[in-house]
Structure formats: C-alpha cells, structure tokens
Amino acid sequence: MHGRPRKALKQEDEAALSAKAEKLRSLQALFLANHHNSIYSKEALDVSAKLLEVNPECYTAWNYRKLAVQHLLSNSDSDPHVIFQDELKLVEIALRKNFKSYGAWHHRKWVLSKGHSSIGHEMRLLNGFQKADPRNFHAWNYRRFVAELMKRSDEDELKYTEEVIGANFSNYSAWHNRSVLLSNLLKKKAEGYFPKENFLEEEFEHVHNAIFTDPDDQSGWFYHLWLIDQTVKTDAPLLVSSWPSHGSRITLIGDNNLRGCGLSLLNGTLLGTGTLPIILDFNQAVEGINSSTVAIESELLKEELIWKPLSMNNSNTAKVWVVYLNLGNMELLPSKAYSVQIKVGHSKGIAFSNGNHYSDPSQISFKVLVQTASAEPAEGQGGKRTTWKDTNFHKIDHFQESDAILSADNNPHIPTTSNWCSEEIAEEITKFRDLLSEYDCKIGKLTLARLLTALDLLSSHHDGRKSNTEEVLQLYTDLMKLDPTHSLYYKDKHSLISLKRITSTRDSLLPYCYHYKDATETITGYVCLRLQSLSLSRMGSIENLLWVQMLDLSHNELQSIEGLEGMQLLSCLNLSHNKIRSFTALVPLKLVKSLKVLNISNNELGSHLIDTTRYLCPSPVSHTEEFAWERFEILAGSVSATNFWEAFLIFGSLELTELNITGNAVADENFRSFLVKVLPTLKWLDDEELS
Amino acid sequence: MSESQEPSYPPIDPVNFDLIIVGTGLSESVIAAAASAAGKTILHLDPNFFYGSHFASLSFLDLTTYLTSPNPLPAAVTTTDSDDVVVDLLHQPLCSNVEIVSYDESSFLLENSRKFNIDLGGPRALFSADKTIDLLLKSGAAQYLEFKGIDESFVYEANGGLANVPDSRGAIFRDKKLSLKEKNQLMRFFKLVQQHLDDTQEEKISEEDLEIPFVSFLEKMNLPPKIKSILLYAIAMVDYDQDNHEISKDLLKTKDGIDCLAQYSSSVGRFPNAPGAMLYPIYGEGELPQAFCRRAAVKGCIYVVYSYQYDRRKHGSGIMLSRTLACLAFPRAFFLNARIVAVGMDSNFAIRILDYTIVLRMPVVSLLMDKYFVVRKDAVEVKCKRNFIFVIFKPTMQVTGLYKGVRLASSQDLYSHQLILDPSLTIPSSLSLSPRDYPSERLQMLSQRDIKGIVARGICITRSSIKPDVSNCSVVYPPRSLYPEQVTSIKALQIGSNLAACPAGTFILYFSTLCNDANEGKNLLKAAMNALLTLPVSRNTESISSVQSDSEDTKPIVLWSALYIQKLITSKFEFISSTSTPDGNLNYNDLLDAAEKLFGQMYPNEEFFPKVTSPEDPTDGDDNGLTLDS
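Chains A and B, in that order, give the protein sequences.
Residue numbering for the first sequence follows my numbering, starting at 3 and increasing by one per position.
Residue numbering for the second sequence follows my numbering, starting at 32 and increasing by one per position.
Source of the hints: derived by calculation from the structure; they are not laboratory data.
A few of these clues could be false.
Said to hold, decoys possible - Pairs of lysine-lysine residues, derived as DSSO-like cross-links and limited to a Cα-Cα distance of at most 27 angstroms, are as follows:
| # | chain 1 | residue 1 | chain 2 | residue 2 |
| --- | --- | --- | --- | --- |
| 1 | B | K162 | A | K447 |
| 2 | A | K447 | B | K222 |
| 3 | B | K212 | B | K222 |
| 4 | B | K162 | B | K222 |
| 5 | B | K251 | A | K161 |
| 6 | A | K116 | A | K102 |
| 7 | A | K433 | B | K251 |
| 8 | B | K208 | A | K161 |
| 9 | A | K444 | B | K212 |
| 10 | A | K433 | B | K222 |
| 11 | A | K68 | A | K111 |
| 12 | B | K222 | A | K444 |
| 13 | A | K338 | A | K350 |
| 14 | A | K235 | A | K433 |
| 15 | B | K251 | B | K222 |
Given the structure is predicted, the values throughout are model-derived calculations rather than measurements.
Pulled out of the complex, with its shape left as it was, chain A reads as follows (with noise of 0.2 angstroms):
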C-alpha cells in the first residue's frame, strides 16, 4: 500500500517478531525435509500450507506446492475441481498477508492455467485487491492475465482504466494499462481504433487533464511521452541513409597495376583488401537484411554477398547493415563507370523487432570511377604520423562536387508522414507554451524541447518550416542548469540535437570540414571532420556521416561512441580529452575495420574503479563472445595483466597502426608492453615510433 510510513520497531514487537521467526525456522525445516522426501501427504502440504500463510515469499514451498498437485491428480481417484480450489484459497489467505508477493501471484496464474477453477471469482477478488490498492501493478499484471483468460474484450478494460484514473489519477499502472490495451487495439486494427488518429487526440486531452491539474505529478507526463512517440513513430522501417548515396560517383585511385591491394577511395586509403562497403542505415533497428531482400546488380559483383548487422550484441538486428564488396581480384578499367544498383526491400523480410514490416521497396544507384594514382601509392605510410595539430588542417572554402559529402539534405529517403501528425504535435506544442507561462516547470520543458524535436523530424522534409533547433539547445541548456542530478541525459539530448543541426545540410557541414595535409605531403589529403570542443557527450546523426574517413572529436564530453560502429570508413579516430571512462565504451571501434589511427589519450581510462557500463559490453563470462583466451594469456604472460582482458577485447581485433593512449591512468609501462603485443601492426604507440 502507497503513502504509509513505516514505524520504529517497539520493544514487544522485537520480542514477537523473533518468536515468529523460531517458529518459521521450525516450519521451514519440516517442510523442507518433505519435499526432499517428496512426501506429499495431507500432513505435509498442511505444513507447506501454514509456511505459505506466514511467509508468502517461500517460493520453494509454491513450486513444491505445484508438484504436489502434480501427484495428487495422478491419482486416478482425485477431483481436480478440489485440487485446485484448495491451492486458491491458500493463495488468497497468502496474498492477504502479502499483496505483492510475486510467488504467490504466480502460483494462482499456474492454477488458472490449468483451466479447472472458474474464472468469475478472479474478478471479484481483484475489483476487491484493486479497491484496496489501486496502484498495486501485481494485481494489475494478474489483470492482464485473467481479462485475457476470461477473453474480456480490450473496451471494457479500457473503461476500467478509466474509472481507476478517474478517481485518482496518480496512478502509473492504470495508464500503463491503457497504453497495452489501445496497442493491442491497434494492432488488431480494432474499430474506432485504427488508424491510431482515432484514438490518439482524445487520449491526448484525457492526460491533458491530468498533466494541467498537477504538473508535479509524473505518472501523467510518462503516459504523455508514449502518445508523443505513437504520434511520431512510424509504423514501418525506413532506409533513411545509404553510403555510397544514390546518385553518387565514387572514385577510386589504384596504382598503376591496378592490383586492387593499393586502391584507394578518394584519396583515402581504403581497406587494403580492395573492398568496397555499402552501408544501409534504417531508422530503426531491423532484422532481415540478407541478399534475397537487398538485391545488389553490378558487374561487380562476383560472388554472394553476407550482410553483416552492426550489432553489439551479436544479435541479428541493428540499424546499420553492411556489406563489403570485394574488387581485390579484379581488373577493373580506368575511366570506365561501373554501376551498381541496390533494390531494397522489393521482396518481402525487412522488419522491425516488433514484426513491422517495411513496406517501401526503394532503389539506391551508384557509379564507381577508378583513377590511377598521379603520385607513388601511399607505400611509405608507416613513416609517417598522423598529427592532430591545428596546422595540419586546412578550411575547405566550397566542397567538390567530387567530395563524396553526405548530409541530410541530399538523402534521398524522405519518409511520409501524414500532416496530422505534424498539426498534432503543433497543437501540443501551444499548449505546452501555455503550460510554462503559467509554471515554469522541469517536465514542462522537457516535454516541450522533446515535441520540438518531434515537430522537426516530422517536417524536416517539408520546405519553408522554420526550425526549432535553436530553441530545443537553449531548453536543454536550462535544464541542465535547472535539473543538476540529470543534466549528463539533457547534455546527450543537446549533443544529439548539436550533431543533427550540424550535419544537416552540406553548407552547414562545411565550416566543420578540413582537408589533412602533412607538412611532408603534397597531395590534397583527407577531408576531416572536426567536431572538436562542442561538449559533444554523445555521437548521432551518423546516418549523415557515413562518408567520414578522418573524425576529429577530440575535447569534448563524450563518455560513449556508441553509434560510431556506423562510420565504416573510417580510418582516423581522435577521442583525446573526452570522458572515455573504460574500455567497455570503446566496443563500438571493434565492429570499425577500417580504423588505423586512434588517439584516445587524456581520458579516464583505468580511473574509475566502477565500469557503470560494463553490462552493455559483451564480456568473456557472458559467452555472447568468442573470447580467444589463449592468445590473451600468452600475449599477457608473466604480466599480472588479468586486468586487460577488456583492452584485449577491443583491440585483438583491431588493426591500428597508430594509438595515442597517454593521460589515462591505466597507461603505465605493462600496458603499453601489452598493447604492443596486442597490436602487432602498431608503427606508433604514444608519439613513439616502435622499431
């Protein structure tokens, strides 16, 4: 029960709780001995019985309970009708004594599931457990269930909802309840329930009611936030990004032999296999991409392609899907466009975790040019250092319409929302401006940056909108000012919505934009983005990124990179003077096979005792990864290196030629005498050419 203050234990009660406890033990020993014995006897289930009405959490006596039954009815002479009606009733003498005792809940959904005891009393027994606790979300679990069982129809729940928030509406459990029962309505295109305009804008005016009344009560604005996202959501996955873009010319400079090991892209080096990358980047994490619903035509192509998801967690879905094409062995003529076609979706197996299917077959064409260098392959390579200084980088004053530069603007993949979405998240937007003039309050202005948002993702496609990007920064920067316990989530929303404003167009891009030059070189380098001293907390909008060779992040926040695993170009990675905690955050680097070139120096690697990110990485104990324990343990030796194992993790498969790991903590001469072992292909540790 909600609201009831616990009180101090007075000194009989002490004397009266360890009589209690003697007498648990007692019973406990003795039920015990029974169910090792596996004596079922009327006796012992009295035992199990009288243990249970003291102690619900006995789970043990509940599932020797539920074997019990088991024996019983084996007997050809038993009523089950009985059986079952004698585990009710102790149930309920349980659950009076603990409401939420998940044992006992559980052990009454096994006894109905076995559909011998009448279902009507359920519902009686509940209205009476939910008039006493109408917040009580066991009980409304159990709801679930029986409405389910008794097939009571959806509507109907949903007025019982409605009573409930009606009396007091500080009551997370009966919103939650109506969010499940009007997505199961909608997803059995139930009438008056589909398409969810029907019922999305009066369910926006019942919380309304709730939010306006009472601001500081949150269990509102959380059933608020689902509207929002069924309001904007789409229903199906959208290809919202491709690299290379359609319509695109990629060129690629080989050496005169054109053995295909040289080639490189756009005066990048490439994977020195001659492989080619195709990114698909959806909006959403999807299942189902593999050669039969992505079609790839091209002379190119010679042999079966394996699209690989850009998972973590070696799952089969992930928002970022890749193939490589493989041009190593093939003679390909300069000056000749080749042209590859990508259809997806044309045949049916693209979908969401929830079955959602997409539905919007699209085509991405592409030509690839092949150039011979003008200049010596980059054979030398590793005499050579990359340097971060600011000299090296030069301001790109207008792109080549060579530059393979992708932003949102030139995504071709507008995905269609209908304009009610966008006029009701519009009208939200006024009424939440009148909310704040009225009280000024922290979830006001969350929901209002996050409708904002919304508003912009909805009508970014649409011309002569003004953005509300500007306005959405300066409410999470008050936050974060207003709102100190939570401000590292405000300073992620603000560096998401920082990123999408800065790779939204190409001239937007631009002023971030430079080519690399060593001092040595005279070629036109690499274009670099530098997206450095932003207070970036987080990476996003890598949909519009996925071109970037050379990423320059360095000074900001970030305590993660999750999301770079998307950039698979990239060869170039400065995360110095970020907030990079463990290695456990640089997990995303190892699905990056084209990296060489990391300085991840001045963080706080090895300073934090506590990795709070740990369980997003896979680890050895988890088995989710083929651990080559061997290897580490003779590359870690004599080093008492059992620490490195997450170090190994990321960059046993990583082929770096230069890692800059100076000012962290965890830097001290074993570990660099690990990761030299670690990283055979390492030319520069720390400034330091390894000979």
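Please arrange chain B on chain A, whose structure you already have, making use of the hints.
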C-alpha cells in the same frame, strides 16, 4: 397538530432548577446537553408539539399548517399570586411573508404527508470536517444519528447551467468545463493553501496578504474571474458580492477565506462513503436537535412529555414497548399518558422512533419577576428567597426586578437561576402595567432583539432531479449569475428519497439567500427556482406548456413550492438569555459558536462538553464515531 382535546397538565416536581430552557431548537438543545453534562439541573420545555423549533423537520401537512397558521401561545393564566410580577410572553412567528403555491392536483402530497421530513431552516448540511461533526462526536450526540454524503456540488453558471464544483484534485481532473489553464491555476492555488496550512512547510502566505480581502488576494494571484467566483461562492460560501465593494456588507479576509477552503478540502473524502464535502442527516435536519436533547436527557435534563400521538402508517402495527425502555431513553422525563410504540427489534432504531413518539408540548406563558428589589449603593446584598441565593453587585441604587421563574400553561410556577428563551418568544414592548411596579427598563431591553438582516427561504417539491442520476446535491448561484442586480449568492440543496426525507420518486429542494427586504429575497429565490425548475404557470394554459416542453423538457416540474422570510436574530446573554434564529449559512458553525459563547457566558467556569472517557460514552473523537450510510 392532530391532537384534538387539550390534555390535562399534571404538576411538575421539583419546581426549582438551575436553568429552564424554552424551545428545542439546535442552540437550545446544544446548551441543554452541555449544561446537563456540566451537572446543572435543567428543565427543557417546548411550546410546540415537535422537537427542533426552527430547526425541525416536519411532515408535509405539519409544515403547511406551521407556515400558514402560526401557533399562538395558550392564553396566559391569571392568578392572584401577589409575590411576583407576572409578565406575559408574546409569541412572534419567525416566518413571515409566506407564499405557498401547490400544483398538486392529485393530492399526492397530502396522501403521502407523513413520508416527508421537510426542514424548516433549510438548506442546511454539514461539512465532513467542520466543527459540528467534532461537537457531535464530543458530545456523544453522534450515536443517535445517521448520515449520508451529498453526492455532488454544483455551481450555477449564467449561461452554462450547472457545473460541478471543482473542489478536489480528482474533481478538477474530471471537470469538463474548466480549461486546462484554469485547472492548473486552481490546483496550484489549492496547493498554495495546503502549503500555507502545513506546519512543516516554510513557505507561508505573508501576514499582509492574510489581512487583505480574500478577493484582492485572489486577484493578486492572477486567478481568472471564473475561478475566483468558484473559490469565493461555491467553496468559501461567501454571501455577498465581493467584487462590488460598495454593496458588499462584509468582505471576507484572506485568512478567513483560507480557513473556509481548508475546511472544505479536508471535508472532501474524509469519510470513504461520502465522496463530496457535505453530509446530511437521514430523516432531516430535525434529527440534530433531537440527538442533543437525547444526550441532555441521558445526563439528567428533564423533558416534559405529555402525550403520545403516533401514526407513522408506513410502520404498520408496532410492538408495545414497556415504559422501562422509554424511561431508559428519557430517564427523568415525565411520562404522562405514555404509550410508546416502536417498530423493529433493533434497539437503536427503537430509540430513534422514541424520539418521534415522545411529543412535547408545554408552553411557558409568562415570566415571573421580583416585585421589589432594592440595591444599595456600593453594597452587596444577599437575598434569600425560596432557597435561592442571589448575590448582586451593583454600584448604583436602583429599583429593579429580577427574573425568578416561569409560569406554565398549566398555571404552575417553576423557578430557576437562569432562563433561555427561543427567539420566537418575546415580551411586549409597551406594557400596560404601572411603571412603578414594573422593572420596565430591563424588560424593554429584552423586547429589543438584535436583528441582523433577513433571510429568504424557499422549498420546492419535484418529481425529478435537477441533474439526472444525482439524488442529493448542493447548488450555489454566485452573485450576478441570475441577473446583474443579484448581490448575494443563493444556496440550494436537493434531497432525495434515499435520505428518508421524502417518498420515493420525489425530491425536495431548499433555497436560501440573504436579502434586504422580503420582495428582493423572494424575487431572487424565484429566479433561482426558474433557472432550474419549471413552475407551471397555469393549469389551463396547455398550449403554453406544450410549447415550453420542447426547450425545457429536462427541467423538473414543481409540484409544490413555498417561500418565506425569516429575520436573523442573534443570541443574547442577559439575565434572560435568548438564542439565535437559523442563519443564512449552509452549515451550523456560526450557530454552534454562538451557542458555545452563550454557554460560556452563562457558566464561565464550566467546560463546553468536557472530554469523557467513561465506557458509557463510546465516542473517542475518531471518525468511526459517525455513522455513515453507504
């Protein structure tokens, strides 16, 4: 009024009391109960044949008779006793300008007369958290009462009809008429008040703000007119238009407004069975004075009960109850010609029925005053007479008379230290007696009562509810909601048959408003009635009614209506005290405050209902002490 022959009055013994109280209105009954609890010897008499005086609930027939032919006192009995000056009391009817219209052609009302318990002092209800409830619990009177919650509270809007009073968080959420912004503003104001009242909170409303008019404070908080009106008139229940400072007789101060709000909001949901803020006693408000009388009787107050006239037809044949049980209920009552019938075996119920069956009627016809009474300058004279000792401190020499006792209709003289008269009894202002013999100054003071204005009351009986599916509800018409000249708010209460106040399928509506003169008050009430009800204009103009039926078919049709005017007389403490008339408020708080004050003046050293812990009184101040019918 059904008794036909005059009963014979047997003599009452003893003849000396600490206090004689004439009238069984709420204030008199409360003082009777409080004084008996303090151990005083009391004789409680009533000139009427029913309990409750101006707070009674009457059958339909009794009500019409009472309103149309006020009950005069029996003729004074002239005796030749020469010891005392005898001053005959005058009865002044408290209901004037009575206007009754009946549209009941089938004599339904007459046939069902006994099924009605119509309040004389309505509309009246209790707030679940007001001091009346506390007093009921503290005094033990609550055990004789049963309550039910008023289901809904409405406010009348000039062009929108009835709107729910958004009086709680849940009600604001459910409200259909407030805009989202208004909901937010109102709830925030409630929170501000809560915070102010919460002792653990630092943030308080400033001292200056507490002293300014509540209406100015609401304006300062930027509350829109609609919210202001709801807060002032429907929740704080202010009578006079607060925006019109010239007309406004009393501007409510912020601190008082906050108290009203606090009382209202703590009332909402105090009892699980009563979702709203208000309660109403089953069988009508007349139950309240009776409960206090019963309390007084248990503590030794003497009631004169002379006759039994009981014909509650709905109960059919009853069971004869022994005199012992009756005596248990009124241990020291005089049972004269007592034949008590109770129905049902439940003892509580039987005792409640007893309240109905014991019929009072012992009018006091005259006052007895000392003939000669001389006080010397700066002297204290102690005079003994009839075992009473009077101690008088008077600085000046004066010829004066003191109250000694009363003469009953039975011509018996009874004596007491103090006397309380109900406000309908007064003394003629022009006296024919020779001034030399008569302490005229004093009596003139008594004859001049403080009249604080007048209140217009209305009663309607209808066949349907003003709001479908709602049986019991309250309505407030804020100032200017009916017409621009309306300067006072009107309060209304609809009571349905589930409160045992009327037969099934009927509803009683009570209206009241303060006013300056009878016409103004009656016009206001008529407008209020017209806004929600259909008053059949004439029985023969069927064409008109059929035209009206299109637009007003949802309005209940009035079966019977009554309008009357009451003067507001406040209580007074003198050598002869008097109590106040029913006021214009919806609840009893002011009346009970006045009663408590009068008690304090009479018995400055006695506690008003001291806390008792004896097992005989199971009232522990807990909410459970109140019986609520679900």
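Verification of the hints:
| no. | hint | in the structure |
| --- | --- | --- |
| 1 | K162/B with K447/A | violated, 44 angstroms |
| 2 | K447/A with K222/B | holds, 21 angstroms |
| 3 | K212/B with K222/B | holds, 15 angstroms |
| 4 | K162/B with K222/B | holds, 23 angstroms |
| 5 | K251/B with K161/A | violated, 41 angstroms |
| 6 | K116/A with K102/A | holds, 23 angstroms |
| 7 | K433/A with K251/B | holds, 24 angstroms |
| 8 | K208/B with K161/A | holds, 21 angstroms |
| 9 | K444/A with K212/B | holds, 17 angstroms |
| 10 | K433/A with K222/B | holds, 22 angstroms |
| 11 | K68/A with K111/A | holds, 12 angstroms |
| 12 | K222/B with K444/A | holds, 18 angstroms |
| 13 | K338/A with K350/A | violated, 34 angstroms |
| 14 | K235/A with K433/A | holds, 21 angstroms |
| 15 | K251/B with K222/B | holds, 16 angstroms |
The structure is inconsistent with the numbered hints 1, 5 and 13, although it conforms to all the rest.
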